[in-house]
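Full structure from sequences and hints, please.
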Amino acid sequence: MILHTLKGYIQTLYIAEYPDKLMLLDGASRADVDDITQYITQELNRPITDLKVVVITHMHPDHAGGANLLRARTGCALVSADRPNQWYSGLDGFIMHLTDIALAMWVAKRKNQPKRNLWYSRHLHPQVRVGEGDVIPGFEDWRVMETPGHTDRDLSLYHCEQDLLYVADLIVEVKQSLISPFPIFHPNQYRASVKRVFEMAPKRLLAAHGGEVTFDKETYRYLIETTPRTPSTHWRVTKIQLRSLFTALWSLGRAKRKNQ
335 MILHTLKGYI QTLYIAEYPD KLMLLDGASR ADVDDITQYI TQELNRPITD
385 LKVVVITHMH PDHAGGANLL RARTGCALVS ADRPNQWYSG LDGFIMHLTD
435 IALAMWVAKR KNQPKRNLWY SRHLHPQVRV GEGDVIPGFE DWRVMETPGH
485 TDRDLSLYHC EQDLLYVADL IVEVKQSLIS PFPIFHPNQY RASVKRVFEM
535 APKRLLAAHG GEVTFDKETY RYLIETTPRT PSTHWRVTKI QLRSLFTALW
585 SLGRAKRKNQ
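FYI, the numbering for the sequence shown is 335 to 594, going by the working numbering.
Bear in mind the hints are in silico, worked out from the structure with no lab data behind them.
Careful: at least some of the hints might be erroneous.
Listed below are the simulated EDC-like cross-link pairs for lysine to aspartate or glutamate, each with C-alpha atoms no more than 16 Å apart in a straight line [claimed, not checked]:
1) K509 - D475
2) K529 - E480
3) K537 - D550
4) K341 - D368
5) K355 - E377
6) K355 - D475
7) K529 - E495
8) K341 - E507
Please read these numbers as outputs of a predicted model, since none were measured by experiment.
Have a look at this one:
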């Protein structure tokens, strides 16, 4: 297995290459689809139909946004967590989907990336559903680890022979520091996932945001200590901001009444 690293729109992409097949370790964003297909056909000199599997580690725009388009172009199988419900279900899910796309666009702007269309379906219908300990069909040297916390369905992928672990958004690098991601829906599960990866101590640890990273004891302690104790989600952050705004307006109004 040869692992290729590509610079994506706002994240790092990984393609596992074999003599007769390819696997994309995550579903990328919609803005990455053309670059992925071009890389396969021009850099690897392979037909795009050699892409047999795309794994979706979770449903955020830079991890699921390109999946359905890649399946339409290549006929690949989509592989994701075995969950009974859609991540973006209901009215709350619809709003969260829009918010996540807006957040991805904000990240792209911060990275000085040109504006791209990041729209994608909030519903995923994978051909294969996997859980803890399962292998990826057709790529049995890759094993699935469930590492929830960021969402309820986060997957990591472990290549046993090379002692290599891809953790998607479990850990992200910002300004050369490793931090926990946003949002974190399940803080206790997140800490357990981080602890599991630290104790596992793979030879190579790959993140979607940061590439290959060094996960030492100091970083582990920092993540455990700084990860919020309560869920840090879109709605909670919005409520805090609204509360601060109302408090400021109330204080301003009170001050004006005193001066009258």
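The hints, checked one at a time:
no., hint, verdict
1, K509 - D475, "violated, 33 Å"
2, K529 - E480, "holds, 13 Å"
3, K537 - D550, "holds, 12 Å"
4, K341 - D368, "holds, 13 Å"
5, K355 - E377, "holds, 15 Å"
6, K355 - D475, "holds, 13 Å"
7, K529 - E495, "violated, 22 Å"
8, K341 - E507, "holds, 15 Å"
Comparing the model with each earlier hint shows violations of hints 1 and 7; every other hint is respected.
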